[in-house]
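**Q** Following the hints, put chain B with the ligands in place on chain A, whose structure we already have.
Residue numbers (my numbering), protein chains in the order written: chain A, 1 to 266; chain B, 1 to 405.
Because the hints were derived from the structure by calculation, they are not lab data. A portion of the hints provided could be inaccurate.
Cβ-Cβ distance ranges computed for the label pairs, FRET-style [unchecked claim]:
id, chain 1, residue 1, chain 2, residue 2, range
1, A, 170, B, 401, 18 to 24 Å
2, A, 27, B, 2, 26 to 32 Å
3, B, 272, A, 209, 54 to 60 Å
4, B, 58, A, 201, 18 to 24 Å
5, A, 26, B, 26, 27 to 33 Å
6, A, 204, B, 365, 49 to 55 Å
7, A, 108, B, 283, 58 to 64 Å
8, B, 370, A, 242, 54 to 60 Å
Beta carbons are placed, not taken as given, at the ideal position from N, Cα and C, and that holds for glycine.
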Amino acid sequence: MHAIVCIKQVPDTTEVKIDPVRGTLIREGVPSILNPFDTYAIEEALRLKEQFGGKVTAISMGPPQAIEVLKEAVAMGCDEAILLSDRAFAGSDTWATAYTLSQAIRRLGPFDIIFCGRQAIDGDTGQVGPGIARQLKINQLTYVCKIQHIDFDKGEIRVERLLEEGREVVESRLPALLTVVKDINQPRYPTFKGIRRASRMEYPIWTAKDLEGANPAYFGLDGSPTRVVRVFTPPPRSGQTEIIQGETVQEQAAKLVEKLLAEKII
Amino acid sequence: MEFQLSDEHRMLEKTVREFAAREIAPTIKELDRTHSFDPGIFPKMAEQGLLGICIPERYGGAGMDYISLGLACEELEYVDTSARVIMSVHVGLYSCTLFQWGTEEQKQKYLVPAAQGDVIGAFGLTEPNAGSDVVNLQTTARREGDHYILNGEKTWISLADVADHFLIFAWTDMEKKRRRDHSGISAFIVERGWPGLTTDTIHGKLGVRAGNTGSISMNDVPVPAENLLGQEGEGFKIAMSALDQGRYTVAAGATGLIRACLDASVRYANERQTFGVPIGRHQLIQQMIAYMAQRYEIARLLYLRAGWLKNQGIRNTRETSLAKWYACDAAFDSASDAVQIHGAYGFCDEYDVERFFRNAKGAVIYEGSREIHQLLQAEYALGYRQDRPLRCELPAYDPETWTES
Ligand SMILES: Cc1cc2nc3c(=O)[nH]c(=O)nc-3n(C[C@H](O)[C@H](O)[C@H](O)COP(=O)(O)OP(=O)(O)OC[C@H]3O[C@@H](n4cnc5c(N)ncnc54)[C@H](O)[C@@H]3O)c2cc1C
Ligand SMILES: Cc1cc2nc3c(=O)[nH]c(=O)nc-3n(C[C@H](O)[C@H](O)[C@H](O)COP(=O)(O)OP(=O)(O)OC[C@H]3O[C@@H](n4cnc5c(N)ncnc54)[C@H](O)[C@@H]3O)c2cc1C
Numbered sequence: 001m002h003a004i005v006c007i008k009q010v011p012d013t014t015e016v017k018i019d020p021v022r023g024t025l026i027r028e029g030v031p032s033i034l035n036p037f038d039t040y041a042i043e044e045a046l047r048l049k050e051q052f053g054g055k056v057t058a059i060s061m062g063p064p065q066a067i068e069v070l071k072e073a074v075a076m077g078c079d080e081a082i083l084l085s086d087r088a089f090a091g092s093d094t095w096a097t098a099y100t101l102s103q104a105i106r107r108l109g110p111f112d113i114i115f116c117g118r119q120a121i122d123g124d125t126g127q128v129g130p131g132i133a134r135q136l137k138i139n140q141l142t143y144v145c146k147i148q149h150i151d152f153d154k155g156e157i158r159v160e161r162l163l164e165e166g167r168e169v170v171e172s173r174l175p176a177l178l179t180v181v182k183d184i185n186q187p188r189y190p191t192f193k194g195i196r197r198a199s200r201m202e203y204p205i206w207t208a209k210d211l212e213g214a215n216p217a218y219f220g221l222d223g224s225p226t227r228v229v230r231v232f233t234p235p236p237r238s239g240q241t242e243i244i245q246g247e248t249v250q251e252q253a254a255k256l257v258e259k260l261l262a263e264k265i266i
Numbered sequence: 001m002e003f004q005l006s007d008e009h010r011m012l013e014k015t016v017r018e019f020a021a022r023e024i025a026p027t028i029k030e031l032d033r034t035h036s037f038d039p040g041i042f043p044k045m046a047e048q049g050l051l052g053i054c055i056p057e058r059y060g061g062a063g064m065d066y067i068s069l070g071l072a073c074e075e076l077e078y079v080d081t082s083a084r085v086i087m088s089v090h091v092g093l094y095s096c097t098l099f100q101w102g103t104e105e106q107k108q109k110y111l112v113p114a115a116q117g118d119v120i121g122a123f124g125l126t127e128p129n130a131g132s133d134v135v136n137l138q139t140t141a142r143r144e145g146d147h148y149i150l151n152g153e154k155t156w157i158s159l160a161d162v163a164d165h166f167l168i169f170a171w172t173d174m175e176k177k178r179r180r181d182h183s184g185i186s187a188f189i190v191e192r193g194w195p196g197l198t199t200d201t202i203h204g205k206l207g208v209r210a211g212n213t214g215s216i217s218m219n220d221v222p223v224p225a226e227n228l229l230g231q232e233g234e235g236f237k238i239a240m241s242a243l244d245q246g247r248y249t250v251a252a253g254a255t256g257l258i259r260a261c262l263d264a265s266v267r268y269a270n271e272r273q274t275f276g277v278p279i280g281r282h283q284l285i286q287q288m289i290a291y292m293a294q295r296y297e298i299a300r301l302l303y304l305r306a307g308w309l310k311n312q313g314i315r316n317t318r319e320t321s322l323a324k325w326y327a328c329d330a331a332f333d334s335a336s337d338a339v340q341i342h343g344a345y346g347f348c349d350e351y352d353v354e355r356f357f358r359n360a361k362g363a364v365i366y367e368g369s370r371e372i373h374q375l376l377q378a379e380y381a382l383g384y385r386q387d388r389p390l391r392c393e394l395p396a397y398d399p400e401t402w403t404e405s
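The following block holds chain A by itself, in its conformation from the complex:
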């Protein structure tokens, strides 16, 4: 079994502040972390490896310091880790990011399954996973909260997807790309052995030249069809709070239900 996990280095948004004048994110001095959703993607891939054997490859596109998140992936147990880093990739939108990652995945050779996080906590689009699947012409299973069944020999997978309205069970052929939500598992801590391996390992860095057969016009800012017109913080929503009074909790709950019914919320 060969699983590939796409991971992104993001600013720790719990530490990000907004420039009050320009309304943009202040990124300076903000620590970078592994996109939290991607730790769940790594964990799920590692569980498959434990069950079926094989290997897990982590891949990330970003500046040289993104190697830090690859180290984390190896410390958790990934076998190999590759960084895609080149000035030519800078400014990629989700389309160009997906294109570049899919070109790298092609170069990695045969694979059975790809994992992504449901979204990156900075860009927040959730588009890169589906974009990669489309580029590779494989099925995408998004918002997966459980793998119910997987058989690599027969090339089948059945998953539960976490949707706003409930859960949906879907089947697909393999290889497929999954984007995962936090309900899917509880990521492990890096082991000390893994930490040792991660800090002593060499990490291959692939540049645009290494992606043979790719169209350089699709890389980076020039290859990105999206144009960001303006980044701004939406005005804060003003709402009214009301504290529901009552003698007992039951009474308060009953009043709350009445109000929700009256407002046609339920």
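**A** Okay, now just chain B with the ligands, sitting in the frame of chain A:
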């Protein structure tokens, strides 16, 4: 000179930080409040490799170095002292001592399961009438055939009621006992379950309430002769060398406690307003915070140097004592100031700082009280004390052989 942590150390620090935040922080307040020790923490620490962190892989450990041991202690005590105490006793005082002094058979039999975290070890030196004054021990070990028969009472022993194996110090030479000649003391590995050994828990402690502290009674406990650690008469030296590792973990832990006080104080100083400004704007509050920042840096440098010396295999009794003395006093002062900064809210258990304050006091007493370390440091400075090489030194860290299985 290299003042930056290696990748390996940074990742380990982050991992243990997350471990403590996820596995210890959520329940600690309740455990502390109800004076409960949670034995469920052992398997979690074992799985993470913490219980054998600096023991070579061939002895069941995780094969990290001594600096890693210190960093792990700092991160654990950042959340609570109780988890760090497990490291001090089980890893520092017990496992490292077996690693240093044990025969190959003893290491296979006792160190391997300890480093894997399958059994928990404790360290029984202190007695009702022998704390700082170790030579006043009353426990005896009488040789009878291929056994020693142990009699005596140990108290204030961390993990006494929950550990499986104990390192026990007792007199084997009664003539030397009368003369208070410490070369009559020997060390033994003793197992729970052997006839005549019972343990108990001490209640009503000021701090470390989520930790277990207790007593061990030995009434004609037969201990096989092969469980003598080191040679007969080496017990005192073994105990003192064990403290080199124990004190190191206490110093590192106290450093974490200072950082916890600093972080809590900074958070509160930014939130709480008096006279129309956050209290962090008052210079007297700033002074307390400045001291915490200063103490944290000093304590950290001191323990990391001691850890580095251990890695190199250089004797560090003096440096470790200094690190321990400084960090524990500094942690107590920081915790006291942290309570002060929190005002009345620091005086109740809504905030963590009151627990930090109660926990900080213990370390000023155990593993060499403040006064004992002052005496040691003065004696070193005055030239009254010199460390002579030991028959068995703690092995220097070797990244190659420590990861061979
Ligand atoms: C402040 C800011 C400014 C931006 N400016 C522009 C701009 O000017 N022009 C523009 O076109 N776009 C811009 N972007 C979007 C940027 O290109 C996207 O962040 C990027 O393409 C990834 O999309 P995403 O962050 O929404 O990831 P998502 O699609 O939300 O990520 C989903 C999953 O895809 C995988 N993944 C995503 N990115 C990577 C990666 N680099 N390497 C490996 N795996 C990955 C991970 O598994 C992740 O969990 C900006 C984003 C931000 C935050
Ligand atoms: C929470 C906790 C956990 C512990 N865990 C362990 C453990 O796991 N194993 C173990 O063996 N022990 C343990 N101890 C015991 C600890 O090591 C002793 O309490 C310590 O050595 C001090 O001994 P004592 O309490 O008998 O005080 P004493 O030795 O009686 O000292 C009383 C006071 O006199 C001072 N004093 C003593 N001698 C001198 C001197 N020469 N000059 C100046 N002042 C002096 C001391 O500093 C102290 O202030 C633990 C103690 C505590 C509180």
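**Q** Hint by hint, where does the structure go against what was stated? Just the numbers, ascending.
**A** When the structure is compared with the hints, only number 1 turns out to be violated.
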